[in-house]
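Can you make the complete structure from the sequences, with help from the hints?
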Amino acid sequence: MTIRVTNLSYHYRNQRERTLDGLSTEFKPGEVTLIAGASGCGKTTLIRCINGLIPRSYTGGELSGAIELFGQDTAALTLATISQIIGTVLQDPEKQIVASDVTSEIAFGLENLGLPRDEIRERIAHTAELLHISNLLTRETFLLSGGEKQKVALAGVLAMRPRAVLLDEPLASLDPASGREALALMRHLADAGIAVVIIEHRIEDVLAIHPEHCVYMSAGRITYDGDAAGLLQSVDWREIKLPASVVMQRVRAAGMAVPHRARSKSPEQVGSKSIIEYRQVGFGYADGPEVLHDINCAIRRGEIIALIGPNGAGKSTLLKHAIGLNRPVRGQVLVDGVDSAALTVAQLARAVGFVFQSPSHMLFAPTVREELAFGPRNIGLDAETIALNTDNALATVALTGTEDQPPLALSFGQQKRISIASILTMNPRIVIMDEPTAGQDYANYTHFMDDIVSHMRTDAESANAKPGFEALAFITHDLDLAITYANRIMLVADGRIVADGAPEEVLLDTARLERCRIHPTSLLEANLAALNKTTPSGMQSHRFMSAAELAFLA
Amino acid sequence: MLVTWKYRPRNTLMQRLDPRARLIFFLCYLLSVFMFWDVRVLSGFLVITLLTVLSAKLSWKDTRQTWLLLGSFTTFYALITFITGRAGNNLYQTEHIIAVLQAPFVVLGWQPTVAISIEQVFLALSQFSRVSSIAAITLLIPYTFDPAMYGVTFRQLGLPDKLAFALDLTMRFVPSLGRDFAMTMDAQKARGYEMERRSGGLLGQVRKLTPLLVPVVIHSIISGEEITDAMDLRAFGTQPRTWLRRLSYARRDYIVIAVSLILLATSVAANLSGLGRFWAP
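So the sequences go chain by chain: A and E. Residue numbers for the first sequence follow this note's numbering, beginning at 17 and rising by one. Residue numbers for the second sequence follow this note's numbering, beginning at 183 and rising by one.
FYI, nobody ran anything at the bench for these hints, they're computed from the structure. None of the values given here were measured: they were computed from a predicted structure. The reader is advised that the hints may include incorrect statements.
No more than 27 angstroms apart at the CA atoms, straight line, and that leaves these computed lysine-lysine pairs for BS3-like [said to hold, decoys possible]:
1) A:Lys111 with E:Lys344
2) E:Lys188 with E:Lys344
3) A:Lys111 with E:Lys239
4) E:Lys239 with E:Lys188
5) E:Lys243 with E:Lys188
Quick partial rundown of chain E residues pointing at chain A, CB under 8 angstroms, derived from the structure [unchecked claim]:
6) Gly291
7) Thr295
8) Arg354
9) Pro357
10) Thr366
11) Ala369
12) Gln370
13) Ile400
14) Ser402
15) Ile409
16) Leu415
17) Arg416
18) Arg423
Glycine included, every Cβ here is placed at the ideal spot set by N, Cα and C.
Here is the structure:
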C-alpha cells in the first residue's frame, strides 16, 4: 500500500502551459523521499494534487491522471478524509499556524474532525511528547522561534495521525542546526512507518538523513526517479547545489575549465578609510534586556562581509544600526566619520543602502521605473541622476527592459532583484542585504550574487569611472554562500561578534562554528583541505572558492 | 518592534468570571450609561467604573500610556463641550449665565467672549463622566480578556462555528499584521521615506501613505490565501467542530448576569419614564 501517482497532469486556469505533464511515481511508507528541482518546476503543484487542494480548493484547472492513497482513489475522497491520510506542512510555518497558543494549534485539526475532547487532549499530549515540545504547550505561537514554529506546525499535522507527511521546503526559514534537528525528526517519522516526502533545494542537508528515494523535476516532468547516488550523477550541478566533492569530481570528469574569479584582498590589510564604524555599541529594546553587547568593528571599501550565526543572535539588529533603524543605547556608530546619532534614517540612506529580506514588504509602485525612483526622489536627487541611476541599477541586476512592468507581477526572484535595484538607485556607498538568497533556487541566486558582486567598485576604480557601491554586507544562514562570495566573515552569537576576519581564519575553528549552531559543509571541508594549495599571492589573496573552482586547483 | 496582546493571567474576580458573563455585563453596562444625562446618576456610574478598574489589578507600568491617553482625550472632549455647549441644545432650553469671560484682546474687530452658564458646566461634567465610564470599561477588555477565549465565548453565546473561529483567527493575526506594518515602515524608511514630512491636502496625504499601505495589503491578501489552504488541509468547516475549551457558568456568573440584566432593565425603565435626563441645580 503506497501513494501512487499515475500519469498526472495539471493545467492552471490562467496559465499558458501545463504545470505538471504526465508524472508517475510512488511514495512508500517507511521511506524518506526527496523531491528537488528549480523554482517553477511544479513541485508545489504536485503536493497540492496529492493533498487534495487541487481540485477542491483550486478550481477551474484541468486535472488528469490518477492518485491512489494507500489503495483509495483520491477523486472519491473529501478533504476531511484526505487530511487524515496525508499531512502537509507548508513552506512558511508562520502562515500555517492558525491559533494563538500552541495547545489550540495542535488541537485545531482534531476539533475540525469533531473528535471528543478527551481524545483531543490525549493526542495533544502524545504528539507534543513525540516532538519534544511539551514545554511549549502554553506558549503564544506568535512569540516562538522559527524552529519552534515549524515543530508546532508539524505537531498540528501529526496529531491527525496521517500515514504520510508532505513538507514544502522545511529548511527555508531555519538556521543550520534547527534544520538538522528538523531532518532528524523526519527520519524518525519515516522509521516509524510514515511516508515522508520532502521538497527541498538544500539537497546536501537532506542527503544527511539518507533518503531512500529521490525525484528530480524539471518543467513539470520527472527527469530522475531513483536512489540518492544516481541523483548526484544525473542532475546539472549548476541548477542545484550538490555536495562539493560531487561537483569537483563531475567538473573534472567533464574537463570544463572554470576560471578562478579574481577577488580583491580584504582591505583591512590595505588600510583604507572606514565607511561605517561601530564603537562600543550596546543595544536593547525599550524595557527589555540588552541584545547587543560591546560591538566594535569597521566596514571598509572593498569588503564583502558575510554575517553568520544562529537565529536571534542579533545579526539584523546589528546591521540596522548602520542606517539608524536601531539606535545604540551605549556607544556610537560613525558613518563616513560622522556620529550617526545626529542624522535621520533618510540622511543615512544616502550612504547606506539596506535591502530587507522580503521584497513584498517594500514593492508598491505601478511600474518598475517608479519603484526605482522612489528612494532617490525621497533623498532629493535630480531627475537626470535618477534616470541614469535607474539604467545602471537595472543593468546591475540584469533586468533592463522591465522599466514599464508592474513589479508585483514579476517572479519572486525578479522581485528580489528589483528590491535591490531600488536601493542601488540611491547610490549608497555600502549595500546591506538581509538573507539575499532566501526563497530563490540555486541557479537563480548564484547568478544574482555574481551580478551584484561584479558590480562592486574596487579600490582602484574611481567613482567616475564606474558606478556602483564600495562595500557589501549580507546576512545568511548559507555557509557556502559566505565561503563563495565573502572576503570577510563575522560570526555573531548572543549579541556579540564572536569572530571576525578573513574566511579561512574565522571558519578554521569548526568546533566554534558548531557552538554557534553552524554545521561545517562539504564545501568548507574541501576548502580547508585545499588550504595548503591556496597560499596568498598578491591581490588574489582570497583563499576560499566555489567547488567548481576548487576542481581545477593543482 | 513586537506587537503582542497586553493580556496577562491574573487572579482577580473579573478574570475568574465566565467570559460570557463578562461580555453580558459589559454590554448591559454600556447601554445603561447611554440612558442617562443626569450627572448625579452618571457620577455613580463613574464610581462603579473606577471600582471595576481597580479590581482588575492592572499594573500602572503596563497601562500608564493607555490611561494618560484616555485622561487627556476625555478632558479635551469635556472642555470642547464646555466651551461650545455642543449637544446642549437638545438637553436644555434655558440657560443661567454665571460668568462672562472676555478675552483681553481684539482680533480683527472681534473680541472673543465666552458666556458660561450653569447648564454648560453640568453638561461638561456629564459628558466627562459618560465618556470616561464607557472608555475605561472598554479599555479593560484587551488587558483582562484572554485572547484565546474570544472564539469559544462567542460560539457558546450562539454564533456559528465559522464566525466564532474567525474571531480567534483575527486575534492570531493582529500581531502578525503589526509586525508586517513595522517591517514595511523600516523598509521604506531605508529608502528615505519620512512619514512626518506629510504635506498637501487630504488626497496628498493618502497618496503619501501608499508606500506603506500597498505592501501591507498585498502581503495580507497573499497570506490570506495561504492560511485558507492551511485551514482546508486540516479539515476546517467540513463538519460541526468540537471546541477543546468548554465554558461553564458558576454561581457567581449567574449573579453577575442577573445584576447586569436588572441594571439594564432599570435604566431603560427610568429613561422611558423620563428620569435621569439632564439636570442642573
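Hint check results:
no.	hint	in the structure
1	A:Lys111 with E:Lys344	19 angstroms, holds
2	E:Lys188 with E:Lys344	26 angstroms, holds
3	A:Lys111 with E:Lys239	35 angstroms, violated
4	E:Lys239 with E:Lys188	13 angstroms, holds
5	E:Lys243 with E:Lys188	12 angstroms, holds
6	Gly291	45 angstroms, violated
7	Thr295	45 angstroms, violated
8	Arg354	5 angstroms, holds
9	Pro357	5 angstroms, holds
10	Thr366	5 angstroms, holds
11	Ala369	4 angstroms, holds
12	Gln370	6 angstroms, holds
13	Ile400	6 angstroms, holds
14	Ser402	10 angstroms, violated
15	Ile409	6 angstroms, holds
16	Leu415	5 angstroms, holds
17	Arg416	4 angstroms, holds
18	Arg423	5 angstroms, holds
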